[in-house]
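Sequence lines, in order, name chains W and A. For the first sequence, the working numbering assigns the number 11 to the initial residue and increments by one for each residue that follows. For the second sequence, the working numbering assigns the number 145 to the initial residue and increments by one for each residue that follows.
Honestly, the hints are just simulated from the structure, not real lab data. Since the structure is predicted, the reported quantities are computational estimates derived from the model, not experimental observations. There may be inaccurate statements among the hints.
Unchecked claim - Where chain A lies over chain W, by a calculated footprint (3+ residues, C-beta under 8 angstroms):
#, stretch
1, 49 to 60
2, 76 to 86
Claimed, not checked - In silico SDA-like links for lysine to any residue, alpha-carbon gap of 20 angstroms or less:
#, chain 1, residue 1, chain 2, residue 2
3, A, Lys342, A, Asn371
4, A, Lys224, W, Ala46
5, A, Lys224, W, Gly55
6, A, Lys224, W, Ala24
7, A, Lys474, A, Ala515
8, A, Lys224, W, Val50
9, A, Lys224, W, Pro52
10, A, Lys224, W, Thr39
11, A, Lys451, A, Asn497
12, A, Lys247, W, Asp64
13, A, Lys279, W, Met53
14, A, Lys279, W, Tyr61
15, A, Lys247, W, Ala91
16, A, Lys156, W, Ala24
17, A, Lys451, A, Gln433
18, A, Lys156, A, Ala178
19, A, Lys156, W, Pro52
All C-beta atoms in this analysis are idealised placements derived from N, C-alpha and C, irrespective of residue type, glycine included.
Spelled out from the first residue to the last, the chains are:
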Amino acid sequence: MIRVVLPQHLRTLARVGSEVNIDVPGQVTQRSVIDALVAVYPMLGGTIRDYATDERRPFLRFFACAEDLSHESPDAPLPDAVASGAEPFIILGAIAGG
Amino acid sequence: MSKVRVLVGTRKGAFVLTSDGKREKWDISGPHFAGWEIYHLKGSPVDPNRIYLSQSSGWHGQLVQRSNDGGQTWETVGNKFVYDGVPGTHQWYDGKPHPWEFKRVWHMEPSLKDADTVYAGVEDAALFRSTDGGKEWQELPGLRGHGTGPRWQPGAGGMCLHTIVQDPTNPGRMYIAISAAGAFRTDDGGANWRPINKGLHSEYIPEPTAEVGHCVHRIAMHGSRPNTLFMQKHWDVMRTDNAGDSWQEVSGNLPTDFGFVIDVHAHEPETIYVVPIKSDAFHFPLDGQLRVYRSRTGGNEWEPLTKGLPQSDCYVNVLRDAMAVDSLDKCGVYFGTTGGQVYASADAGDSWNPIVRDLPSVLSVEVQTLA
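Taking the hints into account, I'd like the entire structure generated from these sequences.
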């Protein structure tokens with residue numbers, strides 16, 4: 011199981027706690043994790059990646075194992091610790107505005 | 145006994161305000177979707193418990209919510225707004241071509257005939273329609289594609305399609321307005337469109353009487369006179385009596401004719417309301433006095449309505465989607481401010497009371513009159 015930490019508003023939207031566990035078939039990448047997340051919680055569609063560009067929304071960041079992975083390729087494998095479930099994949103709302 | 149439900153969209157959530165027909169005591173429900181910008185929510189005239197809501201944020205983009213029980217519970221529905229075909233370009237602020245990019249839904253307009261059909265006016269300006277209760281959305285591409293689209297340009301608030309008016313007597317006819325492109329009409333259910341801006345004069349654009357480029361802020365219609373429309377333009381209050389083929393200015397004795405909202409009395413099609421704002425450089429009322437102006441003559445002759453409204457030190461704005469009327473007798477008039485007040489008049493504007501005073505900045509107000 012892959013652990014995913016969601017920002018506050020997406021927890022409320024999906025009616026879940028701060029962390030969800032999801033099955034990710036195949037290689038564990040940003041893309042496959044988010045695809046699996048949206049498949050389980052369809053109300054999150056379009057809230058993490060823009061529908062038109064399929065890119066990460068600019069005010070969100072992806073972290074894991076104390077590293078900022080936001081600018082990594084969406085198809086690059088995530089760290090082994092994420093794939094094993096030891097560490098979560100963190101979707102974080104950027105601090106912005108005032 | 146009749147009941148009134150006021151639907152309020154704010155910068156930080158939605159609120160549902162309900163009262164009986166006296167409109168004296170109000171129950172406040174909310175915030176729904178706390179922390180999100182709720183540009184607009186509106187109930188279906190076919191099924192008043194069916195409400196469509198536009199929810200957005202800079203972090204997470206656009207969502208659409210639907211309620212089937214009058215706003216008590218909500219269901220997330222479709223949010224995939226993809227322009228038809230190659231989106232093309234419009235003009236940017238500097239006059240250069242800029243690609244169409246979806247940003248948010250400004251306005252939800254449920255169909256007059258079918259509770260599962262709803263229109264969405266979006267930024268960058270386009271019109272979308274869902275026929276399955278908001279699950280799937282399709283653009284009506286004839287609007288952007290009729291020819292003038294590449295000349296449209298954003299107003300200060302973005303290039304938004306913010307007004308959708310359906311003709312209750314003619315299912316094929318609909319009007320929309322875009323800042324800053326102007327007003328447009330379809331006569332065939334949205335397949336084909338044409339600009340209807342003849343008679344508008346906008347000194348702030350290179351060609352003041354251009355076919356498109358006018359910053360229309362709001363259009364209102366009384367259902368019994370579908371060929372008569374009233375418009376609050378950036379500057380100027382206008383009317384047409386031929387479905388937009390030509391417009392005449394009816395600003396008359398208004399102290400300033402800049403403003404955003406305009407609406408029509410539910411039972412008197414020549415009684416209209418505006419909230420004059422000092423100017424586009426200030427975006428607050430003249431002299432710190434919040435005044436609704438009413439014309440009982442379809443424009444030109446206006447009277448200030450001040451009873452119950454702050455007449456000193458008031459510097460709020462009233463945004464384009466933030467006025468509505470109920471259909472009780474006497475007609476109720478409602479508007480919300482950027483200061484978080486929602487004012488109501490149960491006597492057609494003669495006197496006003498705040499229903500709530502301290503909401504987040506109000507983006508939209510709609511009213512449902514319930515049996």
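Outcome of the hint check:
1. 49 to 60: holds (count 7)
2. 76 to 86: Result for this restraint: violated, n = 0.
3. A/Lys342 with A/Asn371: Measuring from Cα to Cα gives roughly 15 angstroms; hence the hint holds.
4. A/Lys224 with W/Ala46: holds (18 angstroms)
5. A/Lys224 with W/Gly55: Within the cut-off at roughly 8 angstroms; holds.
6. A/Lys224 with W/Ala24: holds (17 angstroms)
7. A/Lys474 with A/Ala515: holds (15 angstroms)
8. A/Lys224 with W/Val50: holds (17 angstroms)
9. A/Lys224 with W/Pro52: The given pair, whose Cα atoms are some 12 angstroms apart, holds under the 20 angstroms limit.
10. A/Lys224 with W/Thr39: violated (24 angstroms)
11. A/Lys451 with A/Asn497: Roughly 9 angstroms between the alpha carbons, so the hint for A/Lys451 and A/Asn497 holds.
12. A/Lys247 with W/Asp64: Distance of about 14 angstroms is within 20 angstroms: holds.
13. A/Lys279 with W/Met53: holds (11 angstroms)
14. A/Lys279 with W/Tyr61: holds (15 angstroms)
15. A/Lys247 with W/Ala91: violated (36 angstroms)
16. A/Lys156 with W/Ala24: Distance of about 19 angstroms is within 20 angstroms: holds.
17. A/Lys451 with A/Gln433: holds (11 angstroms)
18. A/Lys156 with A/Ala178: The hint holds at about 6 angstroms.
19. A/Lys156 with W/Pro52: violated (23 angstroms)
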